[in-house]
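Asker: Residues per chain, in single letters:
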Amino acid sequence: MAVQTFKIPESIKKDMKYSFCPGCDHGVAVRLVAEVLDELGLRENTVAPASIGCSVCLYNFLDVDMVEAPHGRALASATGIKRAHPEKFVFTYQGDGDFASIGLAESLHAALRGEKVSAICINNTTYGMTGGQMGPTSLIGQVTTTSTMGRTVENYGYPIKIAEHVALCDGTAYSARVSLDTVANIRKAKAAIKKAFEVQLKGLGFGFVEILSTCPTNWHMTPTQAHERVRNEMMKVFVPGVYKDITANNQ
Amino acid sequence: MAELTIGKKILTKGNYAIAHAAVLAGCECYFGYPITPQSEIGEYLSVKMQEEGRAFVCAESEISAINMVMGACSTGAKAMTSSSSCAVALMQEAIACACTDELPVVLISVMRGGPGLGYIYPSQGDYNQATITGGNGDFRTIVLAPSTVQECVDLTYKAFHLAHKYRNPTILLADGLMGQMMEPVEFKPYPYEEIDNSDWALTGAKGRPARSIKSLAVDADKQCEHIKNLFAKYKKIEENETEWEEFDTEDADIILMSFGSPSRGVKSAVKELRKQGLKVGFFRPITLFPFPSKRLAELAQKVKKFVVIEINMGQMVRDVRLAVNGAAEVEQINKPVGAPIDVETIIEEVMRMS
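These protein sequence lines are chains A and B, in that order.
If you're matching positions, the first sequence starts at 932 in the numbering used here and goes up one per residue.
If you're matching positions, the second sequence starts at 746 in the numbering used here and goes up one per residue.
If you are wondering where the hints come from, they were derived from the structure by calculation, not from laboratory data.
Glycine residues also receive a C-beta, built at the ideal position from the N, C-alpha and C atoms.
There's no promise every hint is true.
Heads up, incomplete: computed chain B residues facing chain A, CB under 8 Å, no partners named [what the hints assert, rightly or not]:
hint	residue
1	C774
2	A800
3	I808
4	M813
5	G816
6	T820
7	A824
8	Q837
9	A839
10	T948
11	G949
12	L961
13	A965
14	Q968
15	H971
Capping the alpha-carbon separation at 20 Å, the derived lysine to any residue pairs in SDA-like fashion look like this [said to hold, decoys possible]:
hint	chain 1	residue 1	chain 2	residue 2
16	B	K951	A	M947
17	A	K1125	A	N1180
18	B	K959	A	N1180
19	A	K1019	B	K951
20	A	K944	B	F801
21	A	K944	B	W945
22	B	K951	A	N991
23	A	K944	B	R956
24	A	K948	B	K959
25	B	K959	A	K1125
26	B	K951	A	H1002
27	A	K1019	B	F801
28	A	K945	B	F801
Excised from the complex, chain A in its bound form (with noise of 0.2 Å):
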């Protein structure tokens, strides 16, 4: 007897054309996005801002409604259709420089003023569809096409902890950060995922997941090699976990 055991979620559109490079990791984390949409019901609800860098192709791959916002304004896009309906869905997918550097007064307002939508960083520590530039989340000694010599505080000072920042946020209901190196780390991606889009749900507050995330392609590595880099190098930087949870007990 056949068992299906490979489905497409019903949330990605039939005539998708995947466009990402191979390897990288915004495959996996679209796809965990489209599960959860389906899982919660949410797909014909929903309304999302679409950002800029590799993330705007997700209307491309997901079957929802989308407008695309400006570079770092996807929270500011969020909050206009989230007040101007309350009963929607509406959630970001957006790279670490559309939220954290361009965007990150857009991001952290959102935060702070408790806007009940939900948002997801992609962090792979590099600007990945201009060609592999230093970001904000770029490590130190991290060698990119404007840090050729290598990421130092002195020219180039910190990388953002991004979820840390989203937690000391008031309005903040969610914040975790997650990687997508292996199959439990996937699972507790998807998890963290949906908790996000719950809190926004249920009205609590601003939902948020940081995932830590590969870019072969500028980072001159085949896929095992960055998946080892996300292991060795970001996470030591980047430690995932759970930083804020309002409906934990122990908070």
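We have chain A; now place chain B onto it with these hints.
Answerer: Same frame as chain A, now just chain B:
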């Protein structure tokens, strides 16, 4: 509650008149950041919008405010922001984006002096900023310029109507004097029909394919087609919506032109010059885009000279020159910032020119 004011004549200043008209026009969301000389709009709406159970957000910046407006507008909601000069400068990327996205954004721009921080005295230095804008690419904004507090009301209504009718960002371009000046006004009910937006608004992909509103255009041919469609829409706006005020133009040798609050003094100057026997007419564009170019081109066939009076170093005058296309002389009376040029000075200058 706002409806209680309908039909009553009250004395109020331009900023409050605009804000109250927005409520009566059915504005569902206000997002804004304070800047003089328009802060009363946000202050007033912080009370009124919440009284009416509508959305009001103090945005962390003008950039955020206009993007909130765009988000709300993507759902078809009536939404607006208000700002001034150096802060409207921060919104230029979003305005361009909203034009190509065809979002019905309403922006109240109450001009102050510039460039840079300038100061809070009145100015018309942002004619170019509103009509040409600093955004990237090919697009047009609809721009309406009130010259009385009553027009602040009527044109705020119209701004919401045109923004939604044409799915195009619409700017009400007032100045600090207009915003702060008190005059009696009457609030009539919102005179326009509601526009059906069910064929494009983002409401969730229920029982229909998902919609996306975006400016990223990776296919050059499709982008060409989209922009040509936008310009076909602008042509329709020019044909249908161009509005202006004129008098004493039929036999005029000289036509004095102005927009916004300085046109009040220009009107007095025209009347005085007529008394003194000069054949002078008055022309005031109410819509700055669409600009009344066609009517100006007609008038240029029989008029010797246009004198364009602005509180800037000559911005609208370029549109006048384009419209007149060499068929008549075009001269200017300008000062860069401050209160409108006084009637005596205009009369003196025009006498010298005639």
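Asker: Next step is simple, just say for each hint if it's right about the structure.
Answerer: Each hint, compared with the structure:
Interface restraint check for B:C774: the shortest CB-CB distance to chain A comes to about 5 Å, inside 8 Å, so the restraint holds. The criterion of a C-beta within 8 Å of any C-beta in chain A is met by B:A800, whose closest approach is roughly 4 Å, and the hint holds. Below 8 Å, beta-carbon pairs count as interface contacts, and B:I808 has one with chain A at about 7 Å; its hint therefore holds. Below 8 Å, beta-carbon pairs count as interface contacts, and B:M813 has one with chain A at about 4 Å; its hint therefore holds.
Annotation: B:G816 was flagged as interfacial toward chain A, and the flag holds, the nearest CB pair being 3 Å apart, inside 8 Å. Using the Cβ-Cβ criterion of 8 Å, the hint placing B:T820 at the interface with chain A is satisfied: the shortest such distance is roughly 5 Å. The criterion of a C-beta within 8 Å of any C-beta in chain A is met by B:A824, whose closest approach is roughly 7 Å, and the hint holds. Here the hint on B:Q837 is broken, as its CB sits about 11 Å from the closest CB of chain A, past 8 Å.
The criterion of a C-beta within 8 Å of any C-beta in chain A is met by B:A839, whose closest approach is roughly 6 Å, and the hint holds. Nearest Cβ of chain A to the Cβ of B:T948: about 7 Å, under the 8 Å cut. The hint holds. With a cut of 8 Å, the hint placing B:G949 at the interface with chain A holds, because the nearest CB-to-CB distance is about 5 Å. Here the hint on B:L961 is kept, as its CB sits about 6 Å from the closest CB of chain A, short of 8 Å.
The criterion of a C-beta within 8 Å of any C-beta in chain A is not met by B:A965, whose closest approach is roughly 18 Å, and the hint is violated. Taking 8 Å as the C-beta contact cut-off toward chain A, the hint placing B:Q968 at the interface is violated, the least distance being around 14 Å. A least Cβ separation of about 14 Å between B:H971 and chain A goes past the 8 Å threshold, and the interface hint is therefore violated. Of the pairs offered as hints, the one joining B:K951 and A:M947 holds, with about 19 Å between alpha carbons and a cut-off of 20 Å not exceeded.
Simply put, A:K1125 and A:N1180 have alpha-carbon atoms about 18 Å apart, close enough for the 20 Å limit, and the pair holds. Only pairs whose Cα atoms come within 20 Å are accepted, and B:K959 paired with A:N1180 is rejected, the gap being roughly 42 Å. Annotation: proposed proximity of A:K1019 to B:K951 holds, straight-line Cα distance about 12 Å (limit 20 Å). The straight-line distance between the Cα atoms of A:K944 and B:F801 is roughly 35 Å, outside the 20 Å bound, and the hint therefore fails.
For the proposed pair A:K944 and B:W945, the alpha carbon gap of about 19 Å is at most 20 Å, so the pair holds. For a cut-off of 20 Å, the pair hint linking B:K951 to A:N991 stands: about 18 Å separates their Cα positions. Proposed proximity of A:K944 and B:R956 is supported: the alpha carbons are some 12 Å apart, at most 20 Å. Straight-line distance between C-alpha atoms of A:K948 and B:K959 comes to about 18 Å, which keeps the hinted pair within the 20 Å bound.
Of the supplied pair hints, the one linking B:K959 and A:K1125 is violated, its CA atoms being roughly 27 Å apart against a limit of 20 Å. Under the criterion of a C-alpha separation no larger than 20 Å, the hint pairing B:K951 with A:H1002 is inconsistent with the structure, at around 28 Å. In summary, the hint linking A:K1019 to B:F801 is supported, as the alpha carbons are separated by about 18 Å, within the 20 Å threshold. A threshold of 20 Å between alpha carbons decides the hint, and for A:K945 with B:F801 the separation of about 38 Å lies outside it, so the pair is violated.
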